[in-house]
Amino acid sequence: MANGNGNGVGQRLAESVERVRSSQAWSSIFRPGSPFRAGYSDSPRNRSYVIMNNVLYHLHPVKVKRHGVRLSYTLCLGGLSFFLFILLTITGIFLMFYYRPTSPQAYQDIAALATDVAFGQLIRNMHRWGAHAMVLTVFLHMARVFYHGAYKPPREFNWVVGIILLLLTLLLSFTGYLLPWDQLALWAVTVGSNMGAYSPVIGDQVSFALIGGVQITADTLLRWYVLHVLFLPFIIVVFMAVHFWRVRKDGGISGPL
Amino acid sequence: MADIPEHILRRSAEARAKAEGRSVEEVLAELKGEQPAPPAESPVASSQSPEPAAPSGEASKIPEALLRRTAEARAKKEGRSVDEVMAELTGQAPAAPAAAAPAPAAAAAPAASGPVRDLDAEAEKYGVPSDLLQRAMIARARKDGKPIPQIAGQAAPPPAAAAPAAAAAAAPAVAAVPEGVRTQRLLTVVKAGAIQQVKAEPTDKVNVWPHLLAIEFVALMACTAFLIVFSTFVDAPLLEFANFNEQPNPSKAPWYFLGLQELLSYFDPQVAGVLLPGFGLGGLAIIPYIDRNPSVRPSDRKLAIMIFTFFVMSAGILTIFGSFFRGPGFNFTFPWVDGLFFDF
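The listed protein sequences derive, respectively, from chains A and B. Mapping of the first sequence onto the working numbering: residues -19 to 237, in sequence order. Mapping of the second sequence onto the working numbering: residues 53 to 396, in sequence order.
To be clear, the hints were calculated from the coordinates, so they are not data collected in a lab. Keep in mind that this is a model prediction, so the values were computed, not measured. Note that CB positions come from ideal geometry on N, CA and C, so glycine has one too. Hints may be right or wrong, so weigh each one.
A few chain A residues that face chain B, going by a derived Cβ cut-off under 8 Å, partial list only [unchecked claim]:
#1 31
#2 42
#3 49
#4 51
#5 53
#6 56
#7 87
#8 96
#9 97
#10 100
#11 104
#12 105
#13 153
#14 214
Below, a list of computed lysine-lysine pairs in the BS3-like style, where the Cα atoms sit at most 27 Å apart [as the list claims (entries may be wrong)]:
#15 A:132 <-> B:84
#16 A:43 <-> B:257
#17 B:84 <-> A:229
#18 B:257 <-> B:195
#19 A:132 <-> A:229
#20 A:132 <-> A:45
#21 A:45 <-> B:129
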């Protein structure tokens, strides 16, 4: 590195990049092993650090069985389910800024997304299609795990956690279904929640608790909104944490067939 | 033995001769089986040999684990007991064809291990010095006030059968422990080896960075791109404002519940709406506890795959049926005749 006098723009740029990368602030942000840190080299040690020293990546082990990396083994279905959940969280938070869970406003707010909000319709579409896609990927993930026999010891309990996650995914999707407060939402939810009323013995109580009354009203809307944006996501995150943790503790990805 | 090529045998003999300071020819002859191994002069002699060190001298250079594996493989192939083969491999018992010699002992314990209780073999097997084993045996005999030969078989864990020969070997040692001298007592015989299996299975692994993260990144990008493009061109449905007084015909549940709604048209609502889905989810959850088959190979689990596939296909067919083939009044319809009655 020269002193910079009379050098081209390219070199000056490279120099200042180097200066920033070796500054104290920069290296306080990027932990050892980060490819963004000054002096990163592609060594086995750094490859381990990339995973270990990153809060997101360290969900992963440092190494995985080679067959597990093949796309054809998992089809990324579990990962995509998780990623769709993250996408749904992001788009969902966006939608929350424009939505009021009260009777006429809910519908108006959804309708206004298409006209009054920049990218509103796109985000709503992504949220809706993403939700359907997540139901699909979660289900396919379950089928994949079954066909690989990956629920067998020591992974039995993680399969059970997975079934709970499937149920929670369906509930999340179902509670979200009511929120647009249009004819489709109202009557689909009516049909769906009527089934809960047929539960033996406690049917009426289940139905009452579920829809917050004897029939679907604006109260149901608020109830399902809270379930949809707060309660169920909270529960599902807890179970996802257990699910991912158990994947690691049970020996990583299931063995080759 | 005869199948091994000459030059390999010779190389092996040279190495062994060098290690043991014997002549190559001698070792070679021994390897070829033309001459018995030094300790096993005659089957009878070796089976009754009181000398503990001599028989295993040569064999003990080979790691125990390897010997045992060989013995197991050979025993399986020849249908003999592992201990018998093991004893033979360590040079403490005659080779199979000569089984007639130790016949009396073998007849006494046909199902059990070798014909003779060999303290050396046991010592090697359990990782306990043979003199300790011997002392324990004698101590127990003394305590019970029985003559040593009778209890020889009880002194150590099962595989050893009663063997007078070993007791004969032990007899002199009684005098070797002076009276009144405080000695260590053998409390128990613990099999050598760690509590945990620390043997790491060699597996073919790759670094997550970059191999897995790169794939995941591409998958996430592809997923996002697909979702954005799809959302750009296909709008989420939004019908008229919710109206409690006007139920659309047909009214359908969200698509993932349409299989259940389809079932509702066959069964009592309590069965179709609650019991079947309840049993469905419950049944899914307990799969790992029902399916005790440890294999993950598809060819070994045809029944499990068949049953699961049956239920998944049934659910799929019911869902497709409920989605596309049900029209007003939830009556049967062909989508290409009456159009679609379905909304996402």
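Against the structure, the hints:
1. Because the closest C-beta pair between residue 31 of chain A and chain B is about 5 Å apart, less than 8 Å, the hint holds.
2. The restraint placing residue 42 of chain A at the interface with chain B holds, with a minimum CB-CB distance near 6 Å, inside the 8 Å limit.
3. A cut of 8 Å between beta carbons decides the hint on residue 49 of chain A: the least distance to chain B is about 5 Å, and the hint holds.
4. With 8 Å as the threshold, the beta carbon of residue 51 of chain A comes within range of chain B, its nearest partner Cβ sitting at about 6 Å, so the hint holds.
5. This hint is violated: residue 53 of chain A has a C-beta 11 Å from the nearest C-beta of chain B, more than the 8 Å allowed.
6. Nearest Cβ of chain B to the Cβ of residue 56 of chain A: about 4 Å, under the 8 Å cut. The hint holds.
7. Interface restraint check: residue 87 of chain A against chain B, minimum CB-CB distance 5 Å, threshold 8 Å, status holds.
8. Nearest Cβ of chain B to the Cβ of residue 96 of chain A: about 14 Å, over the 8 Å cut. The hint is violated.
9. At its closest, the beta carbon of residue 97 of chain A sits 14 Å from a beta carbon of chain B; the interface hint therefore is violated under the 8 Å criterion.
10. Given the 8 Å rule on beta carbons, the hint for residue 100 of chain A is violated: about 11 Å separates it from the nearest Cβ of chain B.
11. Residue-level restraint check for residue 104 of chain A holds (minimum Cβ-Cβ distance to chain B is 6 Å; threshold 8 Å).
12. Checking residue 105 of chain A against chain B by beta carbon gives a least distance of about 3 Å; that is within 8 Å, so the hint holds.
13. With 8 Å as the threshold, the beta carbon of residue 153 of chain A comes within range of chain B, its nearest partner Cβ sitting at about 7 Å, so the hint holds.
14. The interface hint given for residue 214 of chain A is broken, as the beta carbon of that residue sits about 21 Å from the closest beta carbon of chain B, more than 8 Å.
15. Our distance criterion of 27 Å between C-alpha atoms is broken by residue 132 of chain A and residue 84 of chain B, whose separation comes to about 49 Å.
16. Restraint check for residue 43 of chain A and residue 257 of chain B: satisfied, since their Cα atoms lie roughly 6 Å apart, inside the 27 Å limit.
17. Distance restraint check for residue 84 of chain B and residue 229 of chain A: the Cα-Cα separation of roughly 52 Å exceeds the 27 Å cut-off, and the hinted pair is therefore not satisfied.
18. Pair hint residue 257 of chain B plus residue 195 of chain B does not hold up; C-alpha atoms about 57 Å apart against a cutoff of 27 Å.
19. Distance check on the hinted pair: residue 132 of chain A and residue 229 of chain A sit about 14 Å apart at the alpha-carbon level, within 27 Å; holds.
20. Of the supplied pair hints, the one linking residue 132 of chain A and residue 45 of chain A holds, its CA atoms being roughly 18 Å apart against a limit of 27 Å.
21. About 34 Å separates the Cα atoms of residue 45 of chain A and residue 129 of chain B, which puts this hinted pair outside 27 Å; it is violated.
In summary, the structure is inconsistent with hints 5, 8, 9, 10, 14, 15, 17, 18 and 21 from the numbered list given earlier, while agreeing with the others.
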